[in-house]
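Chemist: Protein sequences appear in the order of chains R and H.
Taking our numbering, the leading residue of the first sequence gets 54, the next gets one more, and so forth.
Taking our numbering, the leading residue of the second sequence gets 54, the next gets one more, and so forth.
None of these hints come from the bench; they were simulated from the model.
No residue lacks a Cβ here, since even glycine has one placed at the ideal position from N, Cα and C.
Keep in mind that the hints are not guaranteed to be accurate.
[What the hints assert, rightly or not] Derived CB-CB ranges, DEER-like: (1) Arg-229/R / Pro-380/H: 50 to 58 Å; (2) Leu-180/H / Arg-229/R: 22 to 30 Å; (3) Ala-265/R / Gly-274/H: 40 to 48 Å; (4) Pro-155/R / Leu-180/H: 29 to 37 Å; (5) Pro-354/H / Arg-91/R: 32 to 40 Å; (6) Arg-91/H / Gly-274/R: 35 to 43 Å; (7) Glu-170/R / Arg-315/H: 50 to 58 Å.
2 protein chains.
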Amino acid sequence: MIGPRLDEPELIALLRGRFLRRGRGLELGIGDDAAVIRFGGERLLLAKDLLVEGVDFRRAWQPPRFLGRKSLNVNLSDIAAMGGRPLYALLGLALPKNLEGPWVEDVLRGFGEAAEEHGVLLVGGDLSRADRVMISVTIAGRAEKPVLRTGAKPGDFLFVSGTLGDAAGGLRLLKRKNETILKDADGAPAGKSRRPGIRLVEAFLDPQPRVALGLELARRGLASAMIDLSDGLSVDLGHLCRESRVGAEVWASSLPLSSELRMLFPAPLNLALHGGEDFELLFSARPAGVKELLRLSRRHPLYPVGRVVRGEEIILIGCRGRRSRLPERGWRHFSSR
Amino acid sequence: MIGPRLDEPELIALLRGRFLRRGRGLELGIGDDAAVIRFGGERLLLAKDLLVEGVDFRRAWQPPRFLGRKSLNVNLSDIAAMGGRPLYALLGLALPKNLEGPWVEDVLRGFGEAAEEHGVLLVGGDLSRADRVMISVTIAGRAEKPVLRTGAKPGDFLFVSGTLGDAAGGLRLLKRKNETILKDADGAPAGKSRRPGIRLVEAFLDPQPRVALGLELARRGLASAMIDLSDGLSVDLGHLCRESRVGAEVWASSLPLSSELRMLFPAPLNLALHGGEDFELLFSARPAGVKELLRLSRRHPLYPVGRVVRGEEIILIGCRGRRSRLPERGWRHFSSR
Chain R
54 MIGPRLDEPE
64 LIALLRGRFL
74 RRGRGLELGI
84 GDDAAVIRFG
94 GERLLLAKDL
104 LVEGVDFRRA
114 WQPPRFLGRK
124 SLNVNLSDIA
134 AMGGRPLYAL
144 LGLALPKNLE
154 GPWVEDVLRG
164 FGEAAEEHGV
174 LLVGGDLSRA
184 DRVMISVTIA
194 GRAEKPVLRT
204 GAKPGDFLFV
214 SGTLGDAAGG
224 LRLLKRKNET
234 ILKDADGAPA
244 GKSRRPGIRL
254 VEAFLDPQPR
264 VALGLELARR
274 GLASAMIDLS
284 DGLSVDLGHL
294 CRESRVGAEV
304 WASSLPLSSE
314 LRMLFPAPLN
324 LALHGGEDFE
334 LLFSARPAGV
344 KELLRLSRRH
354 PLYPVGRVVR
364 GEEIILIGCR
374 GRRSRLPERG
384 WRHFSSR
Chain H
54 MIGPRLDEPE
64 LIALLRGRFL
74 RRGRGLELGI
84 GDDAAVIRFG
94 GERLLLAKDL
104 LVEGVDFRRA
114 WQPPRFLGRK
124 SLNVNLSDIA
134 AMGGRPLYAL
144 LGLALPKNLE
154 GPWVEDVLRG
164 FGEAAEEHGV
174 LLVGGDLSRA
184 DRVMISVTIA
194 GRAEKPVLRT
204 GAKPGDFLFV
214 SGTLGDAAGG
224 LRLLKRKNET
234 ILKDADGAPA
244 GKSRRPGIRL
254 VEAFLDPQPR
264 VALGLELARR
274 GLASAMIDLS
284 DGLSVDLGHL
294 CRESRVGAEV
304 WASSLPLSSE
314 LRMLFPAPLN
324 LALHGGEDFE
334 LLFSARPAGV
344 KELLRLSRRH
354 PLYPVGRVVR
364 GEEIILIGCR
374 GRRSRLPERG
384 WRHFSSR
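Sequences and hints are given; from them, build the entire structure.
Modeler: Dropping the structure here:
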């Protein structure tokens, strides 16, 4: 029984309780980045993400082309986190009546660009009306050896695939209604003439799913557990640790922070720990694989950020060696930010 | 280029134009009830439907258990229309903050019931917030020989799998705010004591996807083309005819109308022709298969309703043999009804 008001963890627990089933080819259901299904002798991955206007994005801030890109790319990030190859997408669009045609065309253009970049085919979808834009994307992919959230063992190292907190910083800049930033982000050429902060805004508006890295980690068997960082490091590391029944140490001084984030925010570490929407990969790796990971880091950014430990606590080891419990707080949605 | 205001057919044309691709296993993309994909030596079906509060349903009219059932069943109907077996579902829920827990539990209970009835596993999904309830369901299934919309040939007979217009009639009764009807629909035992009209309301609130029939038609190769009736006979027959590049004759006097519909509505034929949400199957069949279909009709309701002809017009043959062009008008959404 859940309470009179809804709470996301309660609802997920309810769903898992009610629908936790195996059989008929289902190898992994609710509780990872994507479902894993035996289908025709291969492994099919299925995942779904919703983007709701006013909650997950704002039309005034999100140029439609970027919105289209992001609506697909956040799904590709789920497939990347399984070490899979994204293949097919379904697009559900609920649109207000008075929405302008060119706006929708730009969303589709962005969606098409991202699909093209990652070799994904749009195979179907549905249209409806709504007061606010709602985008629902389903992605199907394939994995030979899917990487789950459950495989981390004490002693494993923790890695992330890029700088953290940039998207959260970018969102804060957008909230300050710096509209010139937004104008720059949509179409301005990269270069020195761009305002500082533009890279942060881009990280928020146009995250890059780490599909190639995820595939390579899975192929080489280098990741023992993996998740994508959508809700913030503290929250998503919490998911990974709970599913693997382990704890973790996070090394504050090792968290990769971009120079822009350090420059523009007085407490960049907070954004890196609790900021959402990084869409980087977080994975654990056995000590025996670290050498190979170092070689891999010549082609893909890879940063060691901590270690898996026994127990269930997540400990932040501060810059002066101070140990403290890392609270899980991420902010996924605009409304709760 | 689409106009400044959006129009659904324009948008679909834009999507098809931009994303009409084959390759990488995709056998059939946008434009049928489900996509058909070669995956690991089998045929994977993927389809998606959106239900938006105030557009596709109203919370005041739709008991939550029925809403949960319907959100899955309309997707199962898409798989049925391909002659496929539904297997796995993903559920996206965007919920208002102030929604009550038990309401959501009832939606999930209904969803779970329908899943159980049809052997479907919920394998994943996503949660978000919204001002109005939005339910996005993706269904994956399997088909050995999918039945497309494209196979109808002049001379084929047209069949439907049940009475038409009941759901549209039920919706009209609900619109009259007959709240006692609604109370009866949710949980009252079937029987003589129930109000007339209750069966119509049930047809709207709790449509039954024709999965078993679709599978059998596909297995026996009896349907040359098939679609499910979600937007109304005139609209969906239009889709089938356009995809098959044929015309059709519809026999008004053969359209199956329930006694309740005849009793409660002065123009039941209009509801049968243009009412949406029947979720019956409409299919074409070669004359050689009609005998076998008659035998099949002992186990599944089957009604011949017309014939496929050359050309592109859809002609209604009235009760006194009068021929007239059948206009395509269906109403899918509350807002446009």
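Chemist: All hints, please: hold or fail.
Modeler: Results of checking the hints against the structure:
Evaluation of the 50 to 58 Å hint for Arg-229/R and Pro-380/H yields a pass: the beta carbon distance comes to about 54 Å. Remark: the range hint 22 to 30 Å for Leu-180/H to Arg-229/R is upheld by a beta-carbon distance near 29 Å. For Ala-265/R and Gly-274/H, the Cβ-Cβ distance of about 44 Å falls inside the hinted range of 40 to 48 Å, so the restraint holds. Distance hint for Pro-155/R and Leu-180/H: a CB-CB separation of about 31 Å, consistent with the stated range 29 to 37 Å.
Separated by about 36 Å at the C-beta atoms, Pro-354/H and Arg-91/R satisfy the suggested range of 32 to 40 Å. Restraint check, Arg-91/H to Gly-274/R: a C-beta distance of roughly 28 Å breaks the suggested window 35 to 43 Å. Between Glu-170/R and Arg-315/H the beta carbon distance is about 57 Å. The supplied range of 50 to 58 Å therefore holds.
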